[in-house]
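Combine both chains into one complex, guided by the hints.
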Amino acid sequence: MNSDEYNGIIADPAFFAGISRLVVTSDSIDEVLQTILEHSVRVCGAVRGFLAIVDHDRGELDVRYTAGEGWSEEKRLDRLKVSEETGRGITSHVAATGKLYNAECVDNDPYYIKSFDDVRSELAVPLIDSHKRTRGVLNVESSKLSAFGADEERLASALADFAAIALKISRHRQREKALVQIGKELHGFTDSQVILQKVLDVAAEALKFEDCSLFLIDRATDKLVLRASRGALKTRIGQASYDIGEGLTGWTAKQAAAVRVSDPSSDPRWAGRFQELPTKDVGAYMAVPIQGRSGLIGVLRVQRKKSPYKWFPNDFTDDDERILTTIAGQLAVALDNVRLMDQLVKTERLAAWGEMSARSAHMIGNRVFAIKGDVNELEYMIQSNSLGEGEARKLTESIKNGIFLLEEILNEFREFVKATQLDLEEVDLNEMVREAVEEGFPKRSQTRLNLKLAEKLPRICADPKKLKRCFCELMENSVNFQPDGGEISVTTSIADARSKKWLKPGQQAGRYVQVRFEDNGPGIRQENKPKIFNPFFTSRAKGMGLGLSIVKGIIDAHEGTIFESGTPGKGAKFTILLPYEESVCKSDRKRK
Amino acid sequence: MCRILVIDDEEAVRNAVKRRLERDGYKVDTAETQAAGIEAIQTKRPPYDVVVTDMVMESPTSGLEVLQAALSSDIFTELIVLTAYGNVANAVECMKRGAFDYVEKNIPGVDVFELLSMKLQQALERRKASLVTLRRIEQYTKGK
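In order, the protein sequence lines correspond to chains A and B. Here numbering that gives the first Met the number 0 is used: the first residue of the first sequence is 0, the next is one more, and so on. Here numbering that gives the first Met the number 0 is used: the first residue of the second sequence is 0, the next is one more, and so on.
Do not rely on the hints blindly, as some may be mistaken.
As the list claims (entries may be wrong) - List of simulated lysine-lysine pairs, PhoX-like, C-alpha gap at most 25 Å: (1) A/131 with A/305; (2) A/131 with A/207; (3) A/551 with A/572; (4) A/371 with B/17; (5) B/118 with B/17; (6) B/43 with B/26; (7) A/345 with A/572; (8) B/26 with A/393; (9) A/207 with A/345; (10) A/371 with B/26; (11) A/464 with A/417; (12) B/17 with A/393; (13) A/399 with B/17; (14) A/499 with A/528; (15) A/304 with A/131; (16) A/371 with B/118; (17) A/500 with A/551; (18) A/442 with A/467.
The set of hints was computed from the structure by calculation and includes no laboratory data.
Isolated chain B (complex conformation) (with noise of 0.2 Å):
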């Protein structure tokens, strides 16, 4: 089963979340701070699939910080970015430097659970290719 976590200092975002999340059948954990999220990150094993964190908790650039920890704890573990509406930098900066993509929060008319179960099942997808790929070349380095 997938495992994903979950990063916001909003309890009902969390929650809201996870019960999106677990009704794809993922198994969800959760973390209200940026430094409880990259405690998890760091000590639960095996590593997460996907982190999904709030751009803006402690600090304007807690996203980032948590995108390194996940980054350094396993290298193939997909992020995507929670922000608020029309305040996208620091989150294209976290797509930059790796993160998968980010999601608005109010995007009006939009559905953005349903925005975000998407991108998951993505997110998961490249996971997925990039061990795939990461397999075949150990398997073709092992042949030679």
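So that you can see chain A by itself, here it is in the shape it has in the complex (with noise of 0.2 Å):
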């Protein structure tokens, strides 16, 4: 470049101007960084130039974007291992020192590596983040011997930093991004291993934490217990466990302060026991408190593998640790809203117990009196020798009933009780179906009966007796809701959108089949409808009125949801809505 065009560039603001500009406006961090390159070229009068990328983890230089003559695909696709030595390129040793290089006389340069025949002189800066750390080299070389000077240089320099600039507003984006899907994935968490997971994945690979573990603070036995990882620890998940105060982690957990440490094995702190990653190559450490409500509820932290090139430093910076934090304080705000869903589901069923108790005594109580009542005359007949035959059959016969009674509510009580004791397997929906409806359905009735079973339905995971119940409820309830005749539906599908909006808000992104049973009876009032699945509601005179509690409860457990959708008057609607997915019949799954 001559020096009128170099002053022009200088005289003219509209350069800087349009590369600013662009540095802020665009979305892509591919034209940003090509825009300048070529730029670069151009102002600084080079043949070619190119512009190289640090890879952190291998100590690599990538070649990523070339501008000017004689570039070849083989040229393109190369990557340029890092190195201060000499002999072993120019840009590799500026991407080691993180200073500017300038070759006026490639021939006799003791860096210099050739690569294109017509190149005599070459002038490279590195890209510098606000950590000091070198993002990537900027290069660009000339045909004519001592080609850059000092204005070239600063020039260069300060496309370099442009180009710094726009990698630290794209590496923003990406965390905010991370962050954005973070928040996303605990909307609505419920309580899945799965979500968990997913936020360490998305945590460790937009934002650059090569290892990423959960650890959770079990109230019973008040040590921090692993609870998801994506490294090494991944098969050690609900075993691996540090003692509060024990560890790095431990005392993360002890003092509810962030841990940040670049070496950590020689840490007095340290105890090594769960790493992710072998002691020797665990370059950098942080840890930060997940804070609750009512306390801290664990601990979650990220390792870095010890660098292996000694000018990319791997030590965790500040913004790492306000990520860190960040996603710490989204994580608690959710398991924090689990635990009180837990408590509430408790606190239910507890009111529930209580009900169900008092209600029992009470029906049991006046069974028992009437019983006496009978066994008090029957005493009295004997005594005063006035037992006739038919008195004697008539009282019998009362006080059988009286018994068959009181164990009917017996058996309801048990299987309220147990309702939610389930015993996993993997089933076959379809069948346990088909043989519910066989048992249920009477042989000779007035009723059609029309079964429509989808083709390949998933198998799910579920207690096959317990189900098997609620579907014999069910069938049942039609039957003997429509004594003269009409038709019972019996359907199996995948559960579609309509009727997935009857689950729960936490669980409506997953995966569920359902079974309907549909009947032309009487229907379920209006006025009924919120009280169907209450205990001891009934409008039958048999036994409690627990059988749709009972069924409602085996559903709940299941992780799935039963409703009515009906119209009064034409005919009850029943869909049962139970979950698939492959992860779904592991043996430790909670029994409520």
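So this is what it looks like as structure tokens:
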């Protein structure tokens, strides 16, 4: 470039204004860096140039952007080893030292490696970020000797800074996206290992935490227990645990403060018991406490490998700590919500239990009172020699009925209690529905049966006996409520959005199969709809009226849902949704 | 003949009590709700001598409401409250307000029907004594 042209650029505010505008407005980091490189080649009067980005994990430079003459596909794909030694390339040297290098005559240069025949001089400037780390190298070449002077050096440095700013913005955008995604994952979070794991994956990938583990405090043992991990610890979820205060992780919990160390194994607090990486490879360690509403919930920790390249320190920065603390905050809110939900469910169940005990005591008491009355009468008649055969038969019959009623109450009570204790196995839902229908549908009936089972229904994880009990109960209800014929439809299918809106918000994203029992009996009166699943709600004089509440208990325990959506007067329509996932049949599935 | 009203929402309970009391020679009416019981107390004449009522029917204090109705209909009507085993607080409250006694429906090892029969007899005696006293007072005040 002649000096007029150069001065022209300096004098032309539009040049830098254009570049800074691009950096600020463009969504594409590739577009920005390519443009900056092309400008660099032009304003420095170079024949060609390239921009290489540092790969910190591998200690390599990735030639990602090229401009000017003579580039072949092979040269474009070149990767350069970072090195400060002589004879390893000027770009490598600049990446390692983080300092500008101007080779006025490449023939005599100790670092230069020949790559193009026409090169006489070369200028390389590093892209340095706010933590003084080299992010990349901007390189321009000329076929003239001493082509680049102090002005070109300054110009190239300024352009390299723009490139560094663009990289920083891009990284911030990436982090923002990751945080938003984590927020989304945690929204409506109920209690799924899968989601916890996903959050860690997003955090680790987008935020360049190589390994990431989540420890939560177990209230029973007061230990930090591993709940999710990305690294080698994945196989020890639920087993690996630290005492509060033990190791760096335990220290974080005890002090409820973040820890950030660059050489953790030399830290006196280091215990090194459960590592995602071999101890010798751990380069940087950071852990933040997860603070819930009522104190500490757990610890979120991340590690980075030791960098084999001394010019690329792998420490965590203030930015990294802020991000991790933000994620920990989001996790805390989500986990707090889960805990509140759990408590609510427990409280509800406890209330149901109280009601249940009072009601059954009352019912049993009255039955026993009536039986005692019969026995009293029987005794009196025997004593007064007035017991005729007819009287005796009537009284024993009444006693027997009373005892049967007691046994029915006892049975329902037992089923209500056991509804939530599941014995899970993989089952074919269609098969079970078929069996239940065969058992529950009377052989000689005026009612027509319409059985529609979906083909290729995914297998689910369920307690077959309990589920069959549900289907039989619904079948029996349908049959009993339309004694004079009509039609009962039983269908299985994959649940669609219309059914899924009946699920709790946190469950709606899951995959569900559905079973529907439809009849054209009297249906359920609008005012009774909210009550039909309550214990003791009954329109039949049998047992305690626990039937549908037992069904609901069983379905809830399967993490599914049941609802009634028939039209009063036209028939009842009961639908059961049950989740299916590959991961549901784990033996450690909670029994609530 | 003495007239008794039995109020309980369980048919089996009503029938058993009625049968046992009829054996003792009483005339027994039954009512299956608090409201029906109160209506019978207010309309049937002469007033019932003794009312036997379940404590908990429509509400946990059904017994108290029946007591109030009975006493305002005839101040000397005796009331026996039937109550669930171990749940006597409200029944005791009834006694404080003038009920004759309470009988727990399910006392282990006790034939409550005999107990009830006995209590009923005692209640009738108290009623009789009250009426005798009343008559004497009336005579005394007339004589003056």
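Given the hinted pair residue 551 of chain A and residue 572 of chain A, is their alpha-carbon gap at most 25 Å?
15 Å, holds
* **Proposed proximity, residue 417 of chain A with residue 464 of chain A (alpha carbon, max 25 Å)** => Holds, because 12 Å separates the two Cα atoms, which is no more than 25 Å.
Could you grab the alpha-carbon distance between residue 371 of chain A and residue 118 of chain B and see if it respects the 25 Å cut-off? 17 Å, holds
Are the Cα atoms of residue 118 of chain B and residue 17 of chain B separated by 25 Å or less?
Holds, because 15 Å separates the two Cα atoms, which is no more than 25 Å.
Query raised in the report: Holds or violated: residue 371 of chain A with residue 17 of chain B, Cα cutoff 25 Å?
Result: With Cα atoms ~14 Å apart, residue 371 of chain A and residue 17 of chain B stay inside 25 Å; holds.
- Please work out if residue 304 of chain A and residue 131 of chain A have their alpha carbons no farther apart than 25 Å. 19 Å, holds
Hint check: residue 131 of chain A vs residue 305 of chain A, CA-CA at most 25 Å. Holds or violated?
With Cα atoms ~18 Å apart, residue 131 of chain A and residue 305 of chain A stay inside 25 Å; holds.
For the pair we were handed, residue 17 of chain B and residue 393 of chain A, check the Cα-Cα distance against 25 Å.
-> 17 Å, holds
* To do: For the pair we were handed, residue 371 of chain A and residue 26 of chain B, check the Cα-Cα distance against 25 Å.
  => 22 Å, holds
Margin query: Hinted pair, alpha-carbon criterion (25 Å max): residue 345 of chain A, residue 572 of chain A. Please report holds or violated.
Written below: 29 Å, violated
Is residue 442 of chain A close enough to residue 467 of chain A, meaning Cα to Cα at most 25 Å?
-> 19 Å, holds
- When you check the alpha-carbon spacing of residue 499 of chain A and residue 528 of chain A, does it fall within 25 Å? 19 Å, holds
The structure fails hints 7, 9 (numbered hints given earlier, in ascending order).
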